[in-house]
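Trainee: Assemble chain A onto chain L, guided by the hints.
As you go down the protein sequences, you meet chains L and A in turn. Our numbering puts the first residue of the first sequence at 59, with every later residue one more than the last. Our numbering puts the first residue of the second sequence at 9, with every later residue one more than the last.
Simulated from the structure, these hints should not be mistaken for lab results. Where is the CB? At the ideal position from N, CA and C, for every residue including glycine. Hints are supplied without guarantee of correctness; some may be wrong.
[To be verified] In silico SDA-like cross-links for lysine to any residue, where the CA-CA straight-line distance does not exceed 20 Å: (1) A:Lys302 to L:Gly226; (2) L:Lys61 to A:Val322; (3) A:Lys403 to A:Lys371.
[Unchecked claim] Covered by chain L, per the in silico footprint, the following chain A stretches (three or more residues, Cβ under 8 Å): (4) 12-22; (5) 162-169; (6) 181-190; (7) 253-263; (8) 373-380.
[Stated by the list, open to error] To spell it out: a stretch of chain A is covered by chain L in this simulated footprint if at least three of its residues, at any positions, have a beta carbon under 8 Å from a beta carbon of chain L; those stretches are: (9) 68-82; (10) 356-368; (11) 429-437.
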Amino acid sequence: MSKITISPSPHVYEDTTVKRLMFDVVIAMLPVLAISIYFFGMGAIIVTLTAVVSCLAFEWLIQKYMLKQEPSITDGSALVTGILLAFNVPTNLPIWIIIVGSLVAIGVGKMSFGGLGNNPFNPALVGRVFLLISFPVQMTSWPVPTGFSNSYTDAVTGATPLGVMKEGIGAGESVSAIMDKIPSHMEMFYGHMGGSMGEIAAVALLLGFVYLLIRKVITWHIPISIIATITIFTGILWMINPESNADPLFHLLTGGVLLGAIFMATDYVTSPMSVKGIWIYGVGIGLITVLIRVFGAYPEGVSFAILIMNAFVPLINMYIKPKRFGEVRND
Amino acid sequence: MLKTFPKGGVHPAEGKYSANNAIETLPLPKTVSIPIAQHIGAPSKPVVDKGDKVKVGDKIAESAGFVSANIHSSVSGTVVKIDNVMDSTGYKRPCVIIDVEGDEWNESIDRSTDLKKEISLTDKEIINKINESGIVGLGGATFPSHVKLSVPDGKKIDVLIINGVECEPYLTSDHRLMLEKAEEMLIGIQILMKALNVNVALIGVENNKPDAISNLQNIVKDYPGIEVHALKVQYPQGGEKQLIKALINREVPSGGLPLDVGAVVHNVGTALAVYEAVQKNKPLFERVVTLTGKSVKKPSNFMVRIGTPVSNLVEAAGGLPEDTGKIINGGPMMGKAVNSLEIPVVKGTSGILIMPAELSKRKKESNCIRCAKCVSVCPQGLEPYLLNKLALLEKNDKLEAGGVMDCIECGSCSYTCPAGLPLLDYIRLGKSRVSQIIRSRKQ
Numbered sequence: 059m060s061k062i063t064i065s066p067s068p069h070v071y072e073d074t075t076v077k078r079l080m081f082d083v084v085i086a087m088l089p090v091l092a093i094s095i096y097f098f099g100m101g102a103i104i105v106t107l108t109a110v111v112s113c114l115a116f117e118w119l120i121q122k123y124m125l126k127q128e129p130s131i132t133d134g135s136a137l138v139t140g141i142l143l144a145f146n147v148p149t150n151l152p153i154w155i156i157i158v159g160s161l162v163a164i165g166v167g168k169m170s171f172g173g174l175g176n177n178p179f180n181p182a183l184v185g186r187v188f189l190l191i192s193f194p195v196q197m198t199s200w201p202v203p204t205g206f207s208n209s210y211t212d213a214v215t216g217a218t219p220l221g222v223m224k225e226g227i228g229a230g231e232s233v234s235a236i237m238d239k240i241p242s243h244m245e246m247f248y249g250h251m252g253g254s255m256g257e258i259a260a261v262a263l264l265l266g267f268v269y270l271l272i273r274k275v276i277t278w279h280i281p282i283s284i285i286a287t288i289t290i291f292t293g294i295l296w297m298i299n300p301e302s303n304a305d306p307l308f309h310l311l312t313g314g315v316l317l318g319a320i321f322m323a324t325d326y327v328t329s330p331m332s333v334k335g336i337w338i339y340g341v342g343i344g345l346i347t348v349l350i351r352v353f354g355a356y357p358e359g360v361s362f363a364i365l366i367m368n369a370f371v372p373l374i375n376m377y378i379k380p381k382r383f384g385e386v387r388n389d
Numbered sequence: 009m010l011k012t013f014p015k016g017g018v019h020p021a022e023g024k025y026s027a028n029n030a031i032e033t034l035p036l037p038k039t040v041s042i043p044i045a046q047h048i049g050a051p052s053k054p055v056v057d058k059g060d061k062v063k064v065g066d067k068i069a070e071s072a073g074f075v076s077a078n079i080h081s082s083v084s085g086t087v088v089k090i091d092n093v094m095d096s097t098g099y100k101r102p103c104v105i106i107d108v109e110g111d112e113w114n115e116s117i118d119r120s121t122d123l124k125k126e127i128s129l130t131d132k133e134i135i136n137k138i139n140e141s142g143i144v145g146l147g148g149a150t151f152p153s154h155v156k157l158s159v160p161d162g163k164k165i166d167v168l169i170i171n172g173v174e175c176e177p178y179l180t181s182d183h184r185l186m187l188e189k190a191e192e193m194l195i196g197i198q199i200l201m202k203a204l205n206v207n208v209a210l211i212g213v214e215n216n217k218p219d220a221i222s223n224l225q226n227i228v229k230d231y232p233g234i235e236v237h238a239l240k241v242q243y244p245q246g247g248e249k250q251l252i253k254a255l256i257n258r259e260v261p262s263g264g265l266p267l268d269v270g271a272v273v274h275n276v277g278t279a280l281a282v283y284e285a286v287q288k289n290k291p292l293f294e295r296v297v298t299l300t301g302k303s304v305k306k307p308s309n310f311m312v313r314i315g316t317p318v319s320n321l322v323e324a325a326g327g328l329p330e331d332t333g334k335i336i337n338g339g340p341m342m343g344k345a346v347n348s349l350e351i352p353v354v355k356g357t358s359g360i361l362i363m364p365a366e367l368s369k370r371k372k373e374s375n376c377i378r379c380a381k382c383v384s385v386c387p388q389g390l391e392p393y394l395l396n397k398l399a400l401l402e403k404n405d406k407l408e409a410g411g412v413m414d415c416i417e418c419g420s421c422s423y424t425c426p427a428g429l430p431l432l433d434y435i436r437l438g439k440s441r442v443s444q445i446i447r448s449r450k451q
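Isolated chain A (complex conformation):
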């Protein structure tokens, strides 16, 4: 029996149209808009000015605290301005806008493709390097990676978990990386193990990617301590808490972090970025983005420079389909619908999904029939029908007691509801109200 998490979960249609298409390098755009806030934490402070010349990999914005990240130029050229541009949140936010001139890289970056296996840096140096290189969680959460590696005193980490689950339907960027960059990824994992001082790393991959699993299994033999585990296909297995439960059967306590159960989780894409930063001195300025959808002519996986407008990817994949009804930044379960193709690709962009109009509408709403399907699919063991009602009634203390803060917003409840109720919409609303209350209580 394949491992999986025991409680709840759903299995939406996979739609991985781009799974067999190798990663292509997207041609350089004319201009890039690089947001200074593309990670969780404090927005970075720009260190360039209008008119400055930059090379690929030059730092253009500096980390503004411990939970923050450096940002590097993804192109060479001239800084045109620092201005507000709409990003995937729908808000205009400050971006460094650079006109592209050629493709000149910072000399310190090792551009050779040779595999560099020896890890010469110490654990502290590795963490500094990762911090310096602006690496954040590339699974989509964009939490600065050096923070996760800096284990507080008194906490003991004994296992590193690598997330290659890619449980979101449609997305295939991690899948392609596990096929095409497996060796680099494994060295990246070794680097992370050294930084954390752990001897065990478990890679979790869902069983709908058998080629990735066998590819990793073939080469992982040369990397002691690293194991590859095939997991049963079940959404939301890529959720940190669900993945830890599935792989090592430990339950992150409510309100706690993975390090409370001795684990740290990093995404496969992050492991690759760590390899490139530590071994090749290459900061994070490009990533793999899946551009896909039912009507997309050429579903693709692109290697994209950060700051490239999404419209460039759409053009490269055969243009925007005529029946387009929705454009989603991310996967169909947790991604954000956007209303412009001019938003820039950021560190957290794992895919752009284009939905045809007929799949863009919600189900018609009717009365809750108390079928309890939402209760049975909730991976956090909550009662979505009840939280929905409490949120509507603004019963904030009951919401808090009902565990609304434990909701991981995976959307399984709304996905499964036969009455078409937008359960997660109201639960999110309730959650934000409750978290405000909790914050004001602490002050």
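Only chain L is shown next, with the shape it has when bound in the complex:
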């Protein structure tokens, strides 16, 4: 009886750790990664490795030499940021641009606010939006998904279905005519289309979603509230005029809706704490996404929508509280 521990209750703990949660997210992203490699070849591998290595390196360097703290890169959060950043860029993006993006994601997006848990914005999205604004040409040249033999350095590029749609509608073409020029819904579902590396294959993203739900890493509320809002909003527009508005399924399968809803809007740090707050957040992301896509200048708006709603999260947490036990008197 030499060493007896004294501590206040509770004396037992759930075995979930931050590390386990982060690595579960990584596992959930593996199907997406696999499909991207299948369609984009070496480019997907190079982009992912570059983003992951530079995110880990920047986190380590900043913690060690600037913040003088014990580096915590083994917790898996920088790994997740790295993979997500790679998922959000085209697979022919030059290596040096990816490194700049990683520096902005980790340095500006995360460490400048105090590291994991303190950042108001999703770090990977901060990196992506920075790149989109700084390097608009490189960030919007999308390799055509020809298969594993796809070259990294001189891939044939083409527009994304969302880009084609935006341009076509702008030029006065009818939606049905545009639809003939882009992949079918089925092809989009399994990822045979141009786009950012991680956003193409709905089937792989949904697989990851199911895994995250089973492992109780996330709840269904954020993804479903976003998806439902986009479906309803674009559904109304489509029913008003199907010749000048794409159908809801098109909106769900293209661009970053599923990637954003499942992997980025659900980031613990930057999403609200209460279920009621989560609905406001999810509906907000859905509405802003559709507004940008249909009425804005960009063909895609998921990243902006998530960042904008990230900014509202502290406000939501302040005013939207869970219902307390015993708050309402039973009379």
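Mentor: Relative to chain L, chain A alone:
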């Protein structure tokens, strides 16, 4: 669908190693140290002196007010001294120390095991008898039982709730009582119903004790008005407010008591003690204590005289395991870690849990990742991550506004936190500060 409370809760590993081991009577100790403060309320006043001879069941300390309780000798022998002894709180507190000589009981106690079903006392007499017998809540809260039965004017009670949930992992004392003393317990419940003038009593038992549920269901038919309800396993269902919500879907208002929603809650062990006091004239001087743990050789349920040192129980269960890292008075979720085996068993000791060293350490702390798991498990609908931060910053008015006083200290938030943050530690700290402020405001 099984009933349960709707908001929050966790499901820790149950570890009920001693569930199948019948209650054994622990041999009498050589000496007992009986604390004069082992209930909520004023400490009792000793009525014996050094050198006095006492018998089992003799009153040795007298209730010192309405919220207080009598204390009776658990052994026969000589009072050696009244001295300070460390109890489970870690503080030295006054105890009546008695050297055991034989086992002579006060003559007024009916020691036969015959079941006495007729209840001859009136409601007032029952409450007096319970008060006289020093009965307190045996679930662990040790609130004097007669106080709960004395319903203030203007309050109407329509249901008695009996807590057989035993939601703390590891503990099995209530489970064994429901198997071995069910009939006595049901008569005890009838006595409580008579004292409260209610016609309905609901016994809530979690579904991980199917043998106890079917045992009670078989005999409860002969006891009109009493119902047994199986509940989904969910911690902290044994919390008064959560149990009332689960069974009758009434929500005790914030800062209120069960009687604000027409209910009174008593533990199954208390119901048995009430039977023994009222029907057999036996005051509360012994109770069932679970002695258990992963490495304990013989996890057991003992019938123990109050004041027996915990070391006697440990010996009877096969000795202290070599890998012992923590000794807990109570269950793993709400129990207190103690640093001595010489502390006495008191009325509120439901179990002693011995944790191996590898399970005694806390998780490593890291930054809060705002995953909101603490918010989703809080049965009181609070925001533990926020209360934790406010407590650290000493923002007392915000803590109060955030409902810190509603915290029942169940520990679900600390249990679930993936970042290993000791949320409840700081919330407790904040709570004690806020309650001081509230008290000074009233003065």
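Trainee: If a hint holds in the structure, say so; if it doesn't, say that too.
Mentor: To see whether the hints hold, each was checked on the structure:
no., hint, verdict
1, A:Lys302 to L:Gly226, "violated, 69 Å"
2, L:Lys61 to A:Val322, "holds, 17 Å"
3, A:Lys403 to A:Lys371, "violated, 27 Å"
4, 12-22, "holds (count 4)"
5, 162-169, "violated (count 0)"
6, 181-190, "violated (count 0)"
7, 253-263, "holds (count 7)"
8, 373-380, "holds (count 7)"
9, 68-82, "violated (count 0)"
10, 356-368, "holds (count 5)"
11, 429-437, "holds (count 4)"
Hints 1, 3, 5, 6 and 9, counting from the list given before, are not met by this structure.
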